[in-house]
Every structure is written in C-alpha cells, then in structure tokens.
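In terms of our numbering, the sequence shown has 132 at position 132, counting the first letter as 1, and numbering is strictly consecutive.
Hints listed in this document are in silico derivations from the structure and should not be mistaken for laboratory results.
Errors might be hidden in some of the hints.
[To be verified] In silico SDA-like pairs for lysine to any residue, Cα to Cα no more than 20 Å straight-line:
no., residue 1, residue 2
1, 27, 81
2, 21, 136
3, 94, 65
4, 136, 27
5, 113, 24
6, 94, 128
7, 105, 134
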Amino acid sequence: MLGQQYREDSVVANEAFLYAKSLNLSKDGNDIWIFDIDETTLSNLPYYAQHGFGVQPFNATTKEQRESTTSNLKKAGYHTWEKFILKDSSFSGKTAVFYKSYHRKKLEKKGYKIIANLGDQWSDLLETPTGNRTFKLPDPLYYIKLNDIFTIIYSQNQ
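Sequences and hints are given; from them, build the entire structure.
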C-alpha cells in the first residue's frame, strides 16, 4: 500500500472528493455520479451517496450474474441504488466502451445529469457522454492499455 499506484490513487480520490464538495446539486434528484461496480465502487460510493448523489452502478457483468453481484454489494454495505445497469445478451461481442457509453446516453435522455464518472479502466470513461468530470483511478489488479481499447473500437466500427 506504499507504492506509486497508491499515491496516484490518493491524488485522484482527493480531487474527486474536492470536486464533490464544491457542487451545488439540483433538488430534482437527477444529478448522478457513475461508478464502475468493482473495487472502485466498494471503496468510494458511501461518500457520494451520503452527499446527495443518485447512485447509478454500471457493470459489464451479465444479467445472469445479477444475484451474485447484488449479494457482493450488500455484503459490502450497499443496500439501495437508483438504477442497477447490467450487461444483457444484446451487447454480446460489444466492447465495454460501447456498452457503457450507450447506457450513459440513455440516462441523459431520461433527464439525468452526469455530474461525474469514476472508473479504474479507460473503458469506463471513454466515448460521450462522459459527464462533467471524469476520474481515472489506477487498478491494482489489471490494466487495459488505451491503445488496445482504441484498436477494439476501431475494429468494431469497420
């Protein structure tokens, strides 16, 4: 817990914290902060929920894994959320970038305002809409190189 990655993690988390503290949220309940459901969510979500953000968890987990994902969230202390978006079979073969940007667009069309988006992979943050601010945390377990993501996106658009 003393390596460079954790120093970077602290800097990003502090920036996200300061940004959240500076916001004046609307009273309509449509301000949302998007999180990728994984260790990112498990370590940061309580603060944002406590300060009035709607909770919009995203995950590339399939709907078949909903029960285990929900169970893991509850074990970590998360019992409520505004929406829980999981990947369904219509996105089979599509990239995480495509899937996540598609659902962000749907949320905006429904009137939600994406105040921020926080994730640990570039695929959590790329493509529009991204939100007013994005925060990229390092991932201690794995990293998908940005060039690999662009190669996949390019291949799917051919």
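Taking the hints in turn, this is what the structure says about them:
Using a Cα cut-off of 20 Å, the hinted pair residue 27 and residue 81 holds, with the two alpha carbons roughly 18 Å apart. For the given pair, residue 21 sits about 18 Å from residue 136 by alpha-carbon distance, which is consistent with the 20 Å threshold. Pair hint residue 94 plus residue 65 holds up; C-alpha atoms about 18 Å apart against a cutoff of 20 Å. Under the criterion of a C-alpha separation no larger than 20 Å, the hint pairing residue 136 with residue 27 is inconsistent with the structure, at around 28 Å.
Among the hinted pairs, residue 113 with residue 24 is consistent with the structure: their alpha-carbon atoms are about 13 Å apart, no more than 20 Å. This hinted pair checks out: residue 94 and residue 128 have alpha carbons roughly 16 Å apart, not beyond 20 Å. Pair hint residue 105 plus residue 134 holds up; C-alpha atoms about 15 Å apart against a cutoff of 20 Å.
The structure is inconsistent with hint 4 alone, although it conforms to all the rest.
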